[in-house]
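Asks: Sequence:
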Amino acid sequence: MSSERIFVTGGTGKTGVSLIQELIKRNAQVTVYARSPEKVVKHPNVTVIQGDITDLASFEKAIVGHTRFFLLVIGVPDTDKIKINLAQKAYDAGVKQIVDLAALRVPWRSHSLVHPHEKSEQAIYDIPNRGYYITLRPTNFMTNTAYRVETVKNQDIIIDAAEPDDLQEWISPEDIAEVAANIFIDPVEKHSDAAYELIGDLITPTRRAEILTKALGRSITYKQLPVQKMYDLYLDQFKSHDIAYYLATSRRSNPVYRGLPILLRREPENYESWVTRNIATFQ
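The sequence shown: position 122 = 122 (our numbering), numbered continuously.
Warning: the hint list may mix true and false statements.
As the list claims (entries may be wrong) - Label-pair restraints from in silico Cβ distances:
{"hint": "1", "residue 1": "A195", "residue 2": "H43", "range": "24 to 34 angstroms"}
{"hint": "2", "residue 1": "Q224", "residue 2": "D52", "range": "22 to 32 angstroms"}
{"hint": "3", "residue 1": "F282", "residue 2": "T249", "range": "22 to 32 angstroms"}
{"hint": "4", "residue 1": "L56", "residue 2": "S36", "range": "40 to 50 angstroms"}
{"hint": "5", "residue 1": "Q228", "residue 2": "P128", "range": "43 to 53 angstroms"}
{"hint": "6", "residue 1": "P44", "residue 2": "Q122", "range": "30 to 40 angstroms"}
Unchecked claim - Mimicking DSSO-like on lysine-lysine, the simulated pairs with C-alpha atoms at most 27 angstroms apart in a straight line are:
{"hint": "7", "residue 1": "K214", "residue 2": "K190"}
{"hint": "8", "residue 1": "K42", "residue 2": "K153"}
{"hint": "9", "residue 1": "K39", "residue 2": "K229"}
{"hint": "10", "residue 1": "K25", "residue 2": "K96"}
Bear in mind the hints are in silico, worked out from the structure with no lab data behind them.
Don't be surprised by glycine CBs; every beta carbon is placed ideally from N, CA and C.
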């Protein structure tokens, strides 16, 4: 591992920052490619290169000498094309392993927010003579439950369009980061071309309200809103139909991923633990 360098995009967001911290714990050498270098974690093991993911010429120079690559591109136009181009340049430069933070699996083209990751995953997988390609497919981030946190703070309710007893999938961003860090520390051939579903907890909106009640020491209840109302709220917040439609309508209830403790080398974080760590968000 000492001779390897891990190249990271998306290193200033929640998951990226957590990944860098996990890699530092493991004494890995990390290069972060960031548009805003001042936002990157400062550490002797971390090298920062200023650059934009749309600037392929700069990326092509920066990626040289790296053996592993954490590919995170989200929330930008042409996400699929950018990811494909970055992956191709990385493999051409000699990268042996890409870990791609993609998206959960849903029926083909059912959510425009997810579809660019579906397209790029298939295209990268089909690159001839490439290195290893590992896809992480996280479900809904636990941080998403704080999108409408003002209802908890001001009205003592959580809101959603789901039925009160609908099971909903969640994953801690820190768990995603730790899975990626463990993969990077493992021998490069161990995970081959794996695709890992990341589902850490499965709970209902009613149970989420109970957890917040216990954590905050006051009664929090669940209020189901019409899906159109939830869509309108998210549209006003994010100014994006794709994001609003996904957040208001997404409904999956697959079991907690059985292999996650193997990848994490511990049990995955549940929602109650995550709330306890982030209680200030809801106060």
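Asks: Run every hint past the structure and note whether it holds.
Replies: Now the hints, each set against the structure:
| no. | hint | verdict |
| --- | --- | --- |
| 1 | A195 with H43: 24 to 34 angstroms | holds (31 angstroms) |
| 2 | Q224 with D52: 22 to 32 angstroms | violated (42 angstroms) |
| 3 | F282 with T249: 22 to 32 angstroms | holds (25 angstroms) |
| 4 | L56 with S36: 40 to 50 angstroms | violated (19 angstroms) |
| 5 | Q228 with P128: 43 to 53 angstroms | holds (47 angstroms) |
| 6 | P44 with Q122: 30 to 40 angstroms | holds (39 angstroms) |
| 7 | K214 with K190 | violated (42 angstroms) |
| 8 | K42 with K153 | violated (34 angstroms) |
| 9 | K39 with K229 | violated (35 angstroms) |
| 10 | K25 with K96 | holds (22 angstroms) |
Checked against the numbered hints above, the structure breaks hints 2, 4, 7, 8, 9 and satisfies the rest.
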